[in-house]
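Residues per chain are reported as follows:
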Amino acid sequence: MADVTVNQNAARGLSLPRVNSRAVVMALYLLFLLLPIYWLLNMSLKTNTEILNEFTLVPRDLTFANYATILTDPAWYMGYVNSLIYVTMNTVISLSVALPAAYAFSRYHFMGDKHLFFWLLTNRMAPPAVFALPFFQLYSSVGLFDTHIAVALAHCLFNVPLAVWILEGFMRGVPKEIDETAYIDGYSFGGFFVKIFTPLISSGIGVAAFFCFMFSWVELLLSRTLTTVDAKPIAAIMTRTQGASGIDWGVLAAAGVLTIVPGALVIWFVRNYIAKGFALGRV
Amino acid sequence: MEKTVNHRAWFLVLPVLLLVAFSAVIPLMTVVNYSFQDTFGNNEFFWAGLEWFQQMLNSERMWNALGRQLMFSGIILAIEIPLGIFVALNMPKSGFWSSFCLVLMSLPLLIPWNVVGTIWQIFGRIDIGLLGYTLDMIGIDYNYTQNALAAWVTIIVMDVWHWTSLVALLAFAGLKSIPDAFYQAAKIDQASRWKVFRYIELPKMMGVLMIAILLRFMDSFMIYTEPFVVTGGGPGNTTTLLSIDLVKMALGQFDLGPAAAFSLMYFLVILLISWVFYTVMTNLDKREG
Numbered sequence: 001m002a003d004v005t006v007n008q009n010a011a012r013g014l015s016l017p018r019v020n021s022r023a024v025v026m027a028l029y030l031l032f033l034l035l036p037i038y039w040l041l042n043m044s045l046k047t048n049t050e051i052l053n054e055f056t057l058v059p060r061d062l063t064f065a066n067y068a069t070i071l072t073d074p075a076w077y078m079g080y081v082n083s084l085i086y087v088t089m090n091t092v093i094s095l096s097v098a099l100p101a102a103y104a105f106s107r108y109h110f111m112g113d114k115h116l117f118f119w120l121l122t123n124r125m126a127p128p129a130v131f132a133l134p135f136f137q138l139y140s141s142v143g144l145f146d147t148h149i150a151v152a153l154a155h156c157l158f159n160v161p162l163a164v165w166i167l168e169g170f171m172r173g174v175p176k177e178i179d180e181t182a183y184i185d186g187y188s189f190g191g192f193f194v195k196i197f198t199p200l201i202s203s204g205i206g207v208a209a210f211f212c213f214m215f216s217w218v219e220l221l222l223s224r225t226l227t228t229v230d231a232k233p234i235a236a237i238m239t240r241t242q243g244a245s246g247i248d249w250g251v252l253a254a255a256g257v258l259t260i261v262p263g264a265l266v267i268w269f270v271r272n273y274i275a276k277g278f279a280l281g282r283v
Numbered sequence: 001m002e003k004t005v006n007h008r009a010w011f012l013v014l015p016v017l018l019l020v021a022f023s024a025v026i027p028l029m030t031v032v033n034y035s036f037q038d039t040f041g042n043n044e045f046f047w048a049g050l051e052w053f054q055q056m057l058n059s060e061r062m063w064n065a066l067g068r069q070l071m072f073s074g075i076i077l078a079i080e081i082p083l084g085i086f087v088a089l090n091m092p093k094s095g096f097w098s099s100f101c102l103v104l105m106s107l108p109l110l111i112p113w114n115v116v117g118t119i120w121q122i123f124g125r126i127d128i129g130l131l132g133y134t135l136d137m138i139g140i141d142y143n144y145t146q147n148a149l150a151a152w153v154t155i156i157v158m159d160v161w162h163w164t165s166l167v168a169l170l171a172f173a174g175l176k177s178i179p180d181a182f183y184q185a186a187k188i189d190q191a192s193r194w195k196v197f198r199y200i201e202l203p204k205m206m207g208v209l210m211i212a213i214l215l216r217f218m219d220s221f222m223i224y225t226e227p228f229v230v231t232g233g234g235p236g237n238t239t240t241l242l243s244i245d246l247v248k249m250a251l252g253q254f255d256l257g258p259a260a261a262f263s264l265m266y267f268l269v270i271l272l273i274s275w276v277f278y279t280v281m282t283n284l285d286k287r288e289g
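Residue numbers (the UniProt record's numbering), protein chains in the order written: chain R, 1 to 283; chain X, 1 to 289.
In isolation and in its complexed conformation, chain R is listed as follows (with noise of 0.2 Å):
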């Protein structure tokens, strides 16, 4: 009799309800992170006069009017124009340096490597709100305020340590035999690097090249205060419309919904490098 209901305590332990408690946790935490992004979406889907008159939770009269005032009103496309811009050259430039100096890091000891990739660290690590003000007299006095490449390079300031972190993690993975084999084979270093190392790290070069842009793509401080006109990026728009007398919240939705397609259409290939990329490439 006791074994009896020790059995059944310990199935009914073990199997069914434990799976369903496990899902019940999962299904509330993402309700809770979806709901909200919902939210936005059904906003951006209704007119003016639905939203601030009636409260429905799906959109009564479904309208894509939000979407095209955007998509046909340079103001608003133009901020996604800009930032796209200042974003690909950022990830560009980043890249580019990056990867000699991760390819340094990973494969040899000079004098002070250690202190020079805590010191890059230490940028990753700056607020940016301490650098508004300098950037903004730095690139006044040289002539690039209100440019694109004047964002990129302001992000630079913590793009390039993420991408020389996240690399120098992938690239230590790669087995220094290879670099050897290739030499005697009679690769120079440039021909190594591109023909035979490069390939190698792909997803790495990949993985990097996503936080970088992502990084970039969801700054504000530094990309409003080193715009005015003609690089505005889209981050500012929207907060500058918000400021006005009457808002469009309708119009305003669909700006934040466009602002998260990019990370959601690539979000399926990095899932399982998203931790390594927030974390620096350490885990």
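Quick caveat, the hints were computed from the structure, so don't treat them as lab data. Be a bit skeptical, because a hint or two may be false.
Computed footprint of chain X on chain R; a stretch qualifies when at least three of its residues, placed anywhere within it, have a C-beta under 8 Å from a C-beta of chain X [to be verified]:
no. : stretch
1   : 68-82
2   : 89-99
3   : 138-146
4   : 191-204
5   : 214-220
Ideal Cβ positions, reconstructed from N, Cα and C, are used throughout, including at glycine.
With chain R held as given, fit chain X onto it using these hints.
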């Protein structure tokens, strides 16, 4: 991996060095310069010594901002770390559902920070936001633009929403590295769920958890955009964190001297923490390698 000594490797590092020197060292020197000088306009500067530092150290404004900042970082760490571990323990270990959870959980991490602010600004409004409207219907007095407590709750829930997944993903990476044999041994010993967590999972996760704690501490310590968009530092000054205060001082009021002194002290605190971060990480690397 055995590394060889090769000083010519410096040439490979040189581009990074030049670029970062341009985008970090020159601006930082400007800040140092301002922090020791005073001006009456017309670009004429004279030596002010440690005056600004003394002024900032005696300024109630900075200490208040620092206090709020520490409280904010403390609260979000106290919520995000345990919650992140809890979520990681409940995640499916492999297969489609694991990827499914990974993708959905990563979504908030990839949203631009000002949009995170906008999402919560809308979500919390009593007239048009789901959260604010619901709370108002139940009869809870919630208005984050007027009520300091509501503003604090909003920015904390927002940060938990934004970053808990990062802690969970890191903890999950730590959990996945535990070999099955450990769990089998625990089963043979009839260890309770709590004991499995306490003596197997927690020690194995310690490395990634240290990284998670330090990352979250540092990033929350320099948070600017999200609370700025939601509350703008208000109501009053109740949610004015360090970065918001600094930007107000430097770009709003153009008080160069005090702002520069403030920046340097702010940066020194971060440097100190980065050093701890680095030491912990290199020790962990050594233990693993």
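Evaluated hints:
no. : hint    : verdict
1   : 68-82   : violated (count 0)
2   : 89-99   : holds (count 4)
3   : 138-146 : violated (count 1)
4   : 191-204 : violated (count 0)
5   : 214-220 : holds (count 5)
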